[in-house]
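Protein chains in written order, with the UniProt record's numbering: chain V, 1 to 529; chain E, 1 to 529.
Be aware that a few hints might be false.
Identical copies look the same in the list; a pair holds intra-copy or inter-copy alike.
What the hints assert, rightly or not - No more than 30 Å apart at the CA atoms, straight line, and that leaves these computed lysine-lysine pairs for DSSO-like:
#1 K239 x K177
#2 K198 x K177
#3 K239 x K482
#4 K312 x K339
#5 K482 x K407
#6 K310 x K414
#7 K377 x K239
#8 K377 x K249
#9 K418 x K249
#10 K17 x K310
#11 K310 x K249
#12 K310 x K339
#13 K418 x K407
#14 K310 x K177
#15 K17 x K312
#16 K339 x K17
#17 K414 x K177
#18 K310 x K239
#19 K407 x K198
#20 K17 x K198
Read the hints as simulated data drawn from the structure, not as lab findings.
In this text the structure is predicted, and so the values were computed from the model without any measurement.
Protein chains: 2
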Amino acid sequence: MSSPFAYNAKLTECGTKHLAMFLAIREAIAEGTLAPGERLPSTRRLAELYGLSRGSVSLAYEMLTAEGFVQAGIGRGTFVAGYGHKRNDGAASSEEGESPAALPAITDWGRRLLELQAVEASSGDVGTSVPFAAPSPASSDPSILEANARVSFVTEGLSAARFPWQEWKSEVARQWKRIGVYGSRGLENSAGSLSLRKAIAGRLRRERGIPCGEEDIVITSGSMQAIALLAQLLLEEGKTAVVENPCYKGIERAIRATGAGLISQRTDRSGIVPQDWEATLLFVTPTRQFPTGVVLGYERRQELLLWASKRKAFIIEDDYDSDFRWGGRPLEPLKALDKEGRVVYVGTFSRSMGTSLRIGFAVVPRELLQPLLLAKKLYDPYPTSLAEQQALAGWMSGGGYDRHMRKTRRLLGKLERKLRECLETNLDGLFTPFPADAGMHVYARWEGTEADYERLIRECAVQGVRWKNGSAYELPSAGRPKTPPSAIFGFAHLTEREIEEGIRRIRRAAEALSLLRDAYREQGGKVHA
Amino acid sequence: MSSPFAYNAKLTECGTKHLAMFLAIREAIAEGTLAPGERLPSTRRLAELYGLSRGSVSLAYEMLTAEGFVQAGIGRGTFVAGYGHKRNDGAASSEEGESPAALPAITDWGRRLLELQAVEASSGDVGTSVPFAAPSPASSDPSILEANARVSFVTEGLSAARFPWQEWKSEVARQWKRIGVYGSRGLENSAGSLSLRKAIAGRLRRERGIPCGEEDIVITSGSMQAIALLAQLLLEEGKTAVVENPCYKGIERAIRATGAGLISQRTDRSGIVPQDWEATLLFVTPTRQFPTGVVLGYERRQELLLWASKRKAFIIEDDYDSDFRWGGRPLEPLKALDKEGRVVYVGTFSRSMGTSLRIGFAVVPRELLQPLLLAKKLYDPYPTSLAEQQALAGWMSGGGYDRHMRKTRRLLGKLERKLRECLETNLDGLFTPFPADAGMHVYARWEGTEADYERLIRECAVQGVRWKNGSAYELPSAGRPKTPPSAIFGFAHLTEREIEEGIRRIRRAAEALSLLRDAYREQGGKVHA
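Based on the sequences and whatever the hints tell you, model everything.
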């Protein structure tokens, strides 16, 4: 038998024989050198081969068994376990449908997280975006193969090239230096960087009319931390929350994790349709409904506030991309109209600066401020990313952030116009884009049948273009007809040329499937068979 | 009536009249310009004074009322509320004993957090460190007043001056640049930076004998995030956890927040005393018990693992400062002995690099890996501090981290020897330091009466020296005698000169209180009256 394991390399690394053997065999299994079902050498044989004691080898085998990489049959030897060739990186094992019931030690909370993950994974196929496919024999156009530039409309946030990294990295380095010289005391408390909270409060007062000071603001690591902690503070089994339908999955997850009930409320062209829900918490995106982009009407805003007042409920207003608005001043946020302290306003910088920067914030009513701070401190006793928080504050007060936003708004407005224009002139009739004057994506309803939509998505994957399917954000609404299919075309990471090319490919796919026929006939165009 | 409010300044800032008035009055209340109980001008009068409509003023008053800053009596006018002069920054309101029962909307989880905070705040007086006091008339020594350099032995971690910030800030800036050019894709997944996980795994294999690869590691924002999430996954009402007594408060909080029961287990000079606890989770600090610094004996380590195996329980091994060891190789961590995947090993970089850097990690058994990743993603869907994670990885692989650690270890060893020497030669008999060969503090038992200890602490506050009282980490243990008083002398932020000066002041305080008499007599020294 040759030496199949990188034992000596591991021994050099870790210095302990049984560990080295454990690591070497595990690596061989992970890399497929040892296949599932394969029999391992006997401990005696392996000990001889590598000049080890049988005890060391046995110990390595025991550890492999405990971790599930191998299985020992009594008197039969030791075999590579069936699933051993896959890395257990979380996602993988859930896709295999590993049962949450196999974990007796896990709490109800943990079990709910696992179940949610399993449900999402199983519905993920059509739900999210389709991966690019290899060209099928059926697609004959040779130009597809030469195109190395696939186009993905799946939202990625602002492309890295559109962020002034030189400015940013200098600002961060300056802050680390400052912390190095003076320490971090006086810069922060458990609510986060003081100067950042001041900068945010000033901005919210000026630009959004929200009456707040730095003492109302809690900095979080992205807006999801605020949302999940607030859910945990306000929801539990026996309580109920309302969300818009469609809705960001992270919010649904935060609610379901608590064990609370969930009402998914229909939205129309004026946003969520208010009801007298029997619930204690409402999540809403009034400035720009996610993902449809519709604006919540002023009267509905008042109705939601009345509901919260009557029910003594709270509203979490997620203003996830109000900063990206090129079409005039938005309506006042709920928080600006909130006279009773029933609204928590949540925002984020991860969209304007890229997802590598995890800074969000919440404007919190008095009653919830201390609970939220305590909740945050349970996980983060000290503020996270303090240097980045300070850098952002410095960048905001120095005018850099505003300069970046002005530039970005202009650019996004231009890209959005290009995208709408392309959708209308090239795919007229297939998609109806919803109107919007902000954001980083266009939401568009599919005007054909569901079956045709799925065919188109698959053909587009072959043609090298894809987008996020709107159904990814749909919640089951009992006894209501399914929402028509829709698409989310993100554009903030693309150039105008890429947008054109992407739509051209969708058109090509639609032509190949003869989906454009009727639209063409109306325009007197040539019918594609 | 003169103009008491900064209305015009606020108007310039926010542009909306009622907001400006709301903010201006709130500021006046916060700053004490308007005292509690003071009557506000009538809406008519204020409207005249500032040229506003009465509607705007009424709206501002309504908002102030909703937020609790003012109270309106029917037909009597509007008054500044009694507690309005204090900022509601969380800590303040709890110290006022605000009742959790006043928050009907809060979940059981949130209520437990509030109750814990209330308990900690009420026991905080003697429990933690005493603030420096103003010199009392009784203390007559004029040298106290001239001493501007007060000495605090309260642990602060490594002083900022001992960290190579130039190196670090360049490394962080380099990483931001890299993210700017290439984006962050490929660098990370939900478990954190890939290169950092590799660097940590390599280090743990080499230095701690823990058989792990990057796929076993989850990066967290400090070790508390890992601890709190694991508690939430493994504990709930009806379950029980065991902790060492004394114990880090954050761990106690994480357990109590879940509603689980808590057994606080006595520790002796060999660490926690194993029992057959009816529990499903054990938190333990084997390498260096926190805060006593004692090392858990090898046989006890085996006993704990046997217990976990028998009970199908998990052990969270918090190895919070194993990196700071100047006295030879430590015993193997529990994780290195863990053949059944029952141990989660938790570590942090916040101690070696300062609390401004929030990077911790957990080495997670297979069974808990996916649940922990899902739990983390609920709050942080993307890794936080990615640039810092990458920078740390780069710094580790480039040898910078090891250089820093070698230098720091030498330094800390020297400081610790100095501190022990001073404690023994100057305060002989008052404190008995526990032996240790690692860490950033010395734990010492007080040998006198409790009453004398409290007198000494108070006198030291006057003399300008303080430390953390060991009772801050004591848990109530039913039916067991109270642990003798103790002190935690942190030294990693001090110079040798400061250590000397601090101990000299303690000596002076002890002399002033005649506490040194007996010790002196034994040595044939002069008796101080």
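Going down the list of hints, with the structure as the test:
1. Taking the shortest alpha-carbon separations for K239 and K177, neither the intra-copy value of 48 Å nor the inter-copy value of 46 Å comes in at or below 30 Å.
2. For the homomeric pair K198 and K177, the shortest alpha-carbon distances inside one copy (22 Å) and between copies (28 Å) are both at most 30 Å.
3. For the identical chains of this complex, K239 and K482 are intra-copy neighbours only, at 26 Å inside a copy versus 43 Å across copies, given an alpha-carbon limit of 30 Å.
4. For the identical chains of this complex, K312 and K339 are intra-copy neighbours only, at 13 Å inside a copy versus 52 Å across copies, given an alpha-carbon limit of 30 Å.
5. Proximity of K482 and K407 under a CA criterion of 30 Å is satisfied in neither setting, with 40 Å inside one chain copy and 65 Å between copies.
6. For the homomeric pair K310 and K414, neither the shortest alpha-carbon distance inside one copy (44 Å) nor that between copies (65 Å) is at most 30 Å.
7. Both within a single protomer and between protomers do K377 and K239 lie at most 30 Å apart by alpha-carbon distance, with minima of 25 Å and 23 Å respectively.
8. Within a single copy, K377 and K249 get their C-alpha atoms as close as 25 Å, and across copies as close as 12 Å, so both meet the 30 Å cut-off.
9. Proximity of K418 to K249 under the C-alpha cut-off of 30 Å is restricted to the intra-copy arrangement: shortest distance 29 Å within a copy versus 57 Å between copies.
10. Taking the closest pair of Cα atoms, K17 and K310 come within 30 Å of each other only across two copies (28 Å); inside a single copy the shortest separation is 69 Å, beyond that limit.
11. For the identical chains of this complex, K310 and K249 are intra-copy neighbours only, at 28 Å inside a copy versus 40 Å across copies, given an alpha-carbon limit of 30 Å.
12. In this assembly of identical chains, the alpha carbons of K310 and K339 lie at most 30 Å apart only when taken from the same copy (13 Å versus 57 Å across copies).
13. For a Cα distance limit of 30 Å, the shortest separation of K418 from K407 inside one copy, 17 Å, qualifies, whereas the shortest one across copies, 58 Å, does not.
14. In this homomeric assembly, K310 and K177 never come within 30 Å of each other (Cα to Cα): the closest approach is 51 Å inside a single copy and 51 Å across copies.
15. Proximity of K17 to K312 under the C-alpha cut-off of 30 Å is restricted to the inter-copy arrangement: shortest distance 28 Å between copies versus 64 Å within a copy.
16. Proximity of K339 to K17 under the C-alpha cut-off of 30 Å is restricted to the inter-copy arrangement: shortest distance 15 Å between copies versus 68 Å within a copy.
17. Taking CA atoms no more than 30 Å apart as the test, K414 paired with K177 passes between copies only; the shortest distance there is 27 Å, against 39 Å inside one copy.
18. For a Cα distance limit of 30 Å, the shortest separation of K310 from K239 inside one copy, 16 Å, qualifies, whereas the shortest one across copies, 38 Å, does not.
19. For the identical chains of this complex, K407 and K198 are intra-copy neighbours only, at 24 Å inside a copy versus 39 Å across copies, given an alpha-carbon limit of 30 Å.
20. In the homo-oligomer, the alpha carbons of K17 and K198 lie at most 30 Å apart only across protomers (20 Å), although the nearest pairing inside one protomer, at 57 Å, exceeds that limit.
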